[in-house]
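Enquirer: Below, each chain spelled out in residue letters.
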Amino acid sequence: MKNVLVVDDSAVVRAQIRVTLEDCGYSVIEAVDGFDGVAQIGSEKNIDLVICDINMPRMDGLGLIEKVRGNADERIASLPIVVLSTVGDPERVRKARRLGAQGWLVKPFLPEFLIKTVAKLTEAA
Amino acid sequence: MLDGMVSEPKDPAGEAEAFVQASLDAVAWGTCIILGCDDSAISANETTPALDDSSCAGFIGFVGDATRGSLTVCADLEVVRATRPGALVQVDASPREWWAEFCNRVLGYAITRLAINGYPLCLTSPTVVVGTDLHFRPVERPRWKRVRADVGDVYVSVDIRVLENFVGGPMQTDKRFSLSPGGALLFDADDGEME
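Line by line, the protein sequences give chains A and B.
Under the numbering used here, the residues of the first sequence are numbered 1 to 125, in order.
Under the numbering used here, the residues of the second sequence are numbered 1 to 195, in order.
One or more of the hints may lead you astray.
[What the hints assert, rightly or not] Quick list of simulated restraints, FRET-style, between CB atoms: (1) B/L77 to A/P57: 22 to 32 Å; (2) A/S78 to B/T47: 17 to 27 Å; (3) A/G42 to B/E164: 43 to 53 Å.
Source of the hints: derived by calculation from the structure; they are not laboratory data.
Just so it is clear, the structure is predicted and the values come from calculations on it, not from any experiment.
Using N, Cα and C, we set each Cβ at its ideal position, and we do this for glycine too.
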């Protein structure tokens, strides 16, 4: 079973993603912000994909991507990361891509898009 | 300047007003996206909506280089409950949590639209108030819009302070890489293009 870490400060978004992905056989781990997400990635060895929000307290999604990509552990540094945010403006999308994100989805996510994206990125992992 | 060309005089007050109006239009549009209705559902609301014991109000801030502001979204609690997506009904998500996300989405969509039109902004974390005896601070010129959806009315407002260093006028932006609500992009690392 593939493990997906969902990093979002909104409990309802985490619940929405959990329901969608668990119905398709994925296991979902939750983190409440970028800081928590980085900690979970460091302690949880079986994460196959990270889905992260952008606008979060303490550490935002771009900060999380930067931290993960700069990790000395190659397994962590190469984790696929996809952004799921309410914003989709060119500057932030371009920055996320430059930092090493694999994709960007704008809420409300279409379940089929999310599942397809997760399937593609976890198969490649 | 080339002969015969006349530069447009700068009108800071006019530019600031244009920004405020663009922001209000953008949040009303963002609300329509979430509620699944079109622009015809939007109308100006000349007065501040009255809140009662069953009201829910969400607030979220935003900042730009020379602007500070906040968005307010309010509706009856029954409307809030009725707008929850199916997956959230399934897990019985609280109206308060959902309304925070609703505000976040409205402003997120508005910010994308404003950024594409040359007004870059950042947003803060949302705060939601649900309770009794809520009142809005009276303002001289309330800027509210009503979005009339099948499930009921949702009211949106922006309160914006334009700072002295506001240069006015939208900036040129590269519209590539912009995404609409529900949109998705997968980046292709090999050739720099996206699927």
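Enquirer: Give a verdict on every hint.
Expert: To see whether the hints hold, each was checked on the structure:
1. B/L77 to A/P57: 22 to 32 Å: 26 Å, holds
2. A/S78 to B/T47: 17 to 27 Å: With a Cβ separation near 56 Å, A/S78 and B/T47 fall outside 17 to 27 Å, so the hint is violated.
3. A/G42 to B/E164: 43 to 53 Å: 45 Å, holds
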